[in-house]
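Trainee: So the chains spell out like this:
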Amino acid sequence: MQEYAIQMEGITKTFPGIIANDNVTLDVIKGEVLALLGENGAGKSTLMSILFGAYSADSGTIKINGKVVDIKNPNVATELGIGMVHQHFKLVHNFTVTENIVLGNERTKGGILDPGSAEKRVKALSDGYNLHVDPRALIDDITVGQQQRVEILKVLYKNADIIIFDEPTAVLTPQEIVELLEIIKLLKEEGKTIVLITHKLKEIKAVADRCTVLRRGKVIGTVKVADVSEKDLAEMMVGRAVKFEIEKQPCHRGEKLLEVKDLRVDTALGLPKVHDLSFELYAGEILGIAGVDGNGQSELLQGLTGLLPVQSGSIKLCGKEISGMTIKERIKNGLGYIPEDRQKHGIVKQFSISENSALKDYYTETYADKFGILDFGKMVNVADGLIQDFDIRAGEGSSTPAGSLSGGNQQKVIVAREIYLDPKVLLIAQPTRGLDVGAIEYIRRRILAERDKGMAILLVSFELDEIMNLCDRIATISKGTLVGTYNSGEISEYEIGMMMAGSKKEGDK
Amino acid sequence: MAKTKKDGTRLQQLLANDAFVSILVVLLGFLVGTILVALVGRKPSNMYKAIFQAFSGYNLDNGKWNPRYLFESINYAVPFVLCGLSMAFANRVGLFNIGAEGQYVIGMTVAEVIALLGPQIPVLHWLSILIFASLAGAVWGGVCGVMKAKYEVSEVVSTIMLNYTALYLSRIICLQLPGANTFKTANYPKTAMLTNPLFQKFTNNSMLNNGFFFMLFCVILFWFIMEKTSLGYGMRATGFNKEAARASGIPVVKNIALSMAIAGAFAGLGGGIVAVGSFTYGRVISGQDGYGFNGIAVALVGNCTAWGTLAAGYLFGLLKNAQALMQSKNIPKEITFIIQGLIVVFIALRSGLQILNNYLDKKRIQKEASK
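So the protein lines, in turn, are chains A and B. Residue numbers for the first sequence follow this note's numbering, beginning at 1 and rising by one. Residue numbers for the second sequence follow this note's numbering, beginning at 1001 and rising by one.
Check the hints yourself; a few may be wrong.
As the list claims (entries may be wrong) - With a cut-off of at most 25 Å between alpha-carbon atoms, the simulated DMTMM-like pairs for lysine to aspartate or glutamate come out as follows:
1) LYS1242/B x ASP341/A
2) LYS158/A x GLU3/A
3) LYS1363/B x ASP22/A
Stated by the list, open to error - The calculated label-pair distances, taken between Cβ atoms and stated as ranges, are:
4) GLU1227/B x LYS328/A: 20 to 26 Å
5) LEU1014/B x HIS252/A: 56 to 62 Å
6) LEU1014/B x ASP384/A: 28 to 34 Å
7) TYR1359/B x GLN87/A: 27 to 33 Å
8) GLU1227/B x GLY60/A: 44 to 50 Å
9) TYR1359/B x ALA137/A: 44 to 50 Å
10) TYR1168/B x LYS328/A: 38 to 44 Å
11) PHE1020/B x ASN159/A: 52 to 58 Å
No lab work stands behind these hints: they were computed from the structure. Glycine residues also receive a C-beta, built at the ideal position from the N, C-alpha and C atoms.
I would like the entire structure built from these sequences, with the hints used as guidance.
Mentor: In structure tokens:
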């Protein structure tokens, strides 16, 4: 008879307008690694938040080690030995590793903090699990991968037996991912029970024993990972057959459209986030910029679009210097932008689809007469065409408020708008983050189609797969500058990974 | 996650309608006001008789009709509507303009100066008064707009501070005017006043004057700019999502500064109309009239739309006019302030109603899920 660490039975949780978990039953055997697989929005995070006490379920029961429990808040979860390694780290950056770990749980000697004993314990744990973290290092000084280990140490410090990892590899380089998977294996050997929330199939194959698949809030099934292929898992997740590779026409490179030279962009606080960065971009090609989040990608794009001022260097669009232009002038000169944070920079949620599709050219002859009076009928016409073309699913057609669309359809509205404006150079950041597989496929195909028509495209993505699949040339960004540019096919994922981590490779093009 | 169909119950559809909620809120305010009147032992029916008389001009007690009451309510509404438009316009662009009071005072002051010192040319005199009053209000609001747009100075703080600056500046200036003592100046020349002889004839000598047309014009202008022009489109985008507007090349800085100037012009015009429409002499004010602050409430009740603000402004004017009538019917006039206050409190319930709506939504989905 198997012993269960976690038994969640008949969990239902609704939010206004949606059923996040619909009668979900999840069993985790003691000492196993269970992967929880599903697309964004399938209900994985909600389910784990219920287990961790952040939400309470509308109905259903939870048993930990065979006993029915009522997890009212995260403190109860901690007492029950459940720990969670969050996707977004919860660390104080100017505190040391040890200080972060004991935070809220400080040991005192006669009322005075006793960092010594805590430090010893952290050291012992770190050594015991091969985590190699210096207890005295400041969080600011260590890498993202190590910061994640601090999060793991936090959980171990509180004597957790059940550890939930929420999308742990999203912010890591390929090498760091390999190391993390080793750590997870080690934790399992030490008898910990692990739940791994992810939508990356490779990782599941590498470490998980069993895999539970969620789709639209329901459990589709639980399988032994050894018995199935990645393809099977993908089909369970999406509910239909999936194609992994995209067919791509050979690249026909045209004239030089964008030339960036020795660019420097500072953050609002005056830190140089991008420096000495140069590249050229030609018509009909996609240049990918690979790199770990936070290495200057956002600042690069904001400097190019004009959202942040450029300190020095030049940006030439079709031979014209644009670094001193306003955002509006840059758009007029043919610069398109699909932003990373679509709800913040891409759409106005309260506006309808038609109003959103005119967001960048509402003042032009297309929509306005010479007195500045808008033709809303024209907006509706254009939007109706885009809804057709881009297969945007909206309840009330072009008058649907953009805020009520799903993430994938919001992204389609933005992509449709940018392509409709027919820019010469299109900057794209994270075009498929958080989207379901159908929308991802569609948006990637549209990007390729525009490239074939001669658009110059700069693609910034943290998903190495996306870069490898779509791009004609691949540059890697690390600490604010490009450390190497290669034609696709000339470089392996592993080499890019090395460059992401900061080591430069010789002989780049 | 499974999205459910978007058809709520009838009640939910109504709760999602802003105009319905506004009306509901006003009714709630009156309901509680009625209970309060009854509690202090007066007849609530007298309160409604007074309000009805202010609304229609009919005195239900003796059956006489006097149109003066009716048009007096409209005249009282003029500054409420204009100050409401001031708040509403800035609010649509994402700003909280508490400075309508100061903009109103500055408009009033400039109006008084020109009324007493300007050239006495018929029509042109009062027209120039209203134009310069609007411009003064525009400058007063625009300063806050520019500071907000360029240097991120909170418009809440700067407008409040300028309210006081306006008040004392007004005193300093008005005390220098011809014939000024501590509370009034000399009488205006005839050419300065907004009196409309036709209105006087038809409305039994009410105070209603040409300012009414300017108010109507402003309401239409507000609606036209916001809903029909590319300027208004850019401003609404700025108000809803400043970052997205900026990233799309919409001139956010210009829109913010301009919207505060336009807002200020509405309130300044209100000040001008009150100065030369409702009075025959310049006032040396020692305290604020309160129209600017009431304008906040007017805009909120009116959902910051042009027509909503017009309706809400009229309601406030009606209540103000009803005050004197209430006193003659043994109802404390303060009840109107209580009703206004309650309406503002209940407006805050809007989000409460949203919660109720979400709860109903959830119940419905649970029901559907359990089928």
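Trainee: Look at each hint and say if it fits the structure.
Mentor: Evaluated hints:
1. For a cut-off of 25 Å, the pair hint linking LYS1242/B to ASP341/A stands: about 14 Å separates their Cα positions.
2. For the given pair, LYS158/A sits about 23 Å from GLU3/A by alpha-carbon distance, which is consistent with the 25 Å threshold.
3. In summary, the hint linking LYS1363/B to ASP22/A is supported, as the alpha carbons are separated by about 15 Å, within the 25 Å threshold.
4. Between GLU1227/B and LYS328/A, the C-beta spacing of about 23 Å keeps the proposed range 20 to 26 Å intact.
5. One distance hint, 56 to 62 Å for the beta-carbon pair LEU1014/B and HIS252/A, holds here, with the actual separation near 58 Å.
6. Separation of LEU1014/B from ASP384/A is about 30 Å and conforms to the stated range, judged on CB atoms against 28 to 34 Å.
7. A C-beta distance of roughly 30 Å is found between TYR1359/B and GLN87/A, which places it inside the suggested range of 27 to 33 Å.
8. Under the hint 44 to 50 Å, the C-beta atoms of GLU1227/B and GLY60/A, about 49 Å apart, fit the expected range.
9. For the pair TYR1359/B and ALA137/A, the supplied restraint of 44 to 50 Å holds, since their beta-carbon distance comes to about 48 Å.
10. For TYR1168/B and LYS328/A, the hinted distance range of 38 to 44 Å is satisfied, since their beta carbons lie about 41 Å from each other.
11. At about 56 Å, the CB distance of PHE1020/B to ASN159/A agrees with the hint of 52 to 58 Å.
In summary, the structure agrees with every hint in the numbered list given earlier.
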